[in-house]
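Chains U and Z supply the protein sequences, listed in that same order.
Numbering-wise, the first sequence is residues 485 to 686 according to the working numbering.
Numbering-wise, the second sequence is residues 485 to 686 according to the working numbering.
Errors might be hidden in some of the hints.
Just so you know, same-sequence chains aren't split out, so a pair can sit in one copy or run between any two.
Computed cross-link-like contacts, BS3-like style, restricted to lysine-lysine with a CA-CA straight-line distance of at most 30 Å [to be verified]: (1) Lys590 with Lys671; (2) Lys671 with Lys502; (3) Lys590 with Lys493; (4) Lys493 with Lys675; (5) Lys675 with Lys502; (6) Lys500 with Lys590.
Simulated from the structure, these hints should not be mistaken for laboratory data.
Note that the structure is a prediction, hence the values are computed from the model and not measured.
Protein chains: 2
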Amino acid sequence: MSEQSRARKHKRAMQKQKANVDAAIEAASTDRGVAVLLTGEGKGKSSSAFGMVMRALGYDQTVGVVQFIKGEQLSGEEIYLRDHCPQVELVQMGTGFTWDTQDREKDMAAARNTWAAAQRLLSDERYDLVVLDELTYMLAFDYLEEQDVVLAIARRPAAQSVVVTGRGGGSALRDVMDTVSEVKEIKHAFKQGIRARRGVDY
Amino acid sequence: MSEQSRARKHKRAMQKQKANVDAAIEAASTDRGVAVLLTGEGKGKSSSAFGMVMRALGYDQTVGVVQFIKGEQLSGEEIYLRDHCPQVELVQMGTGFTWDTQDREKDMAAARNTWAAAQRLLSDERYDLVVLDELTYMLAFDYLEEQDVVLAIARRPAAQSVVVTGRGGGSALRDVMDTVSEVKEIKHAFKQGIRARRGVDY
Chain U
485 MSEQSRARKH
495 KRAMQKQKAN
505 VDAAIEAAST
515 DRGVAVLLTG
525 EGKGKSSSAF
535 GMVMRALGYD
545 QTVGVVQFIK
555 GEQLSGEEIY
565 LRDHCPQVEL
575 VQMGTGFTWD
585 TQDREKDMAA
595 ARNTWAAAQR
605 LLSDERYDLV
615 VLDELTYMLA
625 FDYLEEQDVV
635 LAIARRPAAQ
645 SVVVTGRGGG
655 SALRDVMDTV
665 SEVKEIKHAF
675 KQGIRARRGV
685 DY
Chain Z
485 MSEQSRARKH
495 KRAMQKQKAN
505 VDAAIEAAST
515 DRGVAVLLTG
525 EGKGKSSSAF
535 GMVMRALGYD
545 QTVGVVQFIK
555 GEQLSGEEIY
565 LRDHCPQVEL
575 VQMGTGFTWD
585 TQDREKDMAA
595 ARNTWAAAQR
605 LLSDERYDLV
615 VLDELTYMLA
625 FDYLEEQDVV
635 LAIARRPAAQ
645 SVVVTGRGGG
655 SALRDVMDTV
665 SEVKEIKHAF
675 KQGIRARRGV
685 DY
């Protein structure tokens, strides 16, 4: 095929695609906050949530971030938000990974306290975006009641968006979300002996 | 099972998990920049790349972002970087979506110009993190040579990390990456008639 005929074919294909895109945009007529779940085993769930934080901050939106699991090592996004975005409400469970504490009672109490902060944000219409980072593990370990979490997400202010991250997440949680992405691990540097990288992995 | 025996069982399981985590950390001994590909149909690829930008900025790293496709609508992350992070090198192809331009020749010239900027960043060791947002489409449309892209990524400075986003991405590109995540769409708000949301989708 000549470059000229390829250019013509391209133009026709793109006209068709534009018509499809325009029709889809036209059909999407409901304007409200969305609930997004980023799950799966692969890399990119929490980083995606923090990318959305950057997006929201671009529009000067009000943002709250609740981190349900946090290792002892500081993460770059956490340092960034603390140093440059004092307007972002940042709540951390602060007990470290559950395999570090090895104390179910202590973890449960910390989870419940952190969830109380999340509930406060989810019922406050001033917040445009609420991130519940690593929340799914709290459900997997039965530290929180799934029904409480689902109801709080369902009953949040209509204009508020919420992003939940973490592996797993049961069917009731998936049902209440508008968008669910499952991040599949095709390969991971760590499994090839490469250390977690500052600015990429933490 | 009583809460007490459950707590004991939890402690044993977590001790085992901690040993596994520690062993994996010990085994990962190579310290260098990583190449990450975020692909698949689901939501969360570009936002994940921008979350890594936030991470890198938390450590005051030097960051370059090259956006190969960009609609006419401004996005939050772009506004944020322009307004708050002038130290980030931001390069945009600036032609809009290829189904908007419908002009293969013009798109190809723009892609080649933008790739020249990407090559500059990929050969500059001052950059800790380089994001090549939506690069895969340039390969899918044959706007860029796959071999050029693969070589530039392979030959970048050893300490530099690179993040590539976009659907698809051929096997040669996947081979050169250390980490590949495929974001699977389980569901998407847009397909239920909900409009793309500011601060979440753009």
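Outcome of the hint check:
no., hint, verdict
1, Lys590 with Lys671, "neither (35 Å within a copy, 36 Å between copies)"
2, Lys671 with Lys502, "between (34 Å within a copy, 22 Å between copies)"
3, Lys590 with Lys493, "between (64 Å within a copy, 15 Å between copies)"
4, Lys493 with Lys675, "between (43 Å within a copy, 28 Å between copies)"
5, Lys675 with Lys502, "between (41 Å within a copy, 17 Å between copies)"
6, Lys500 with Lys590, "between (58 Å within a copy, 19 Å between copies)"
Of the hints listed earlier, the one the structure fails to meet is number 1.
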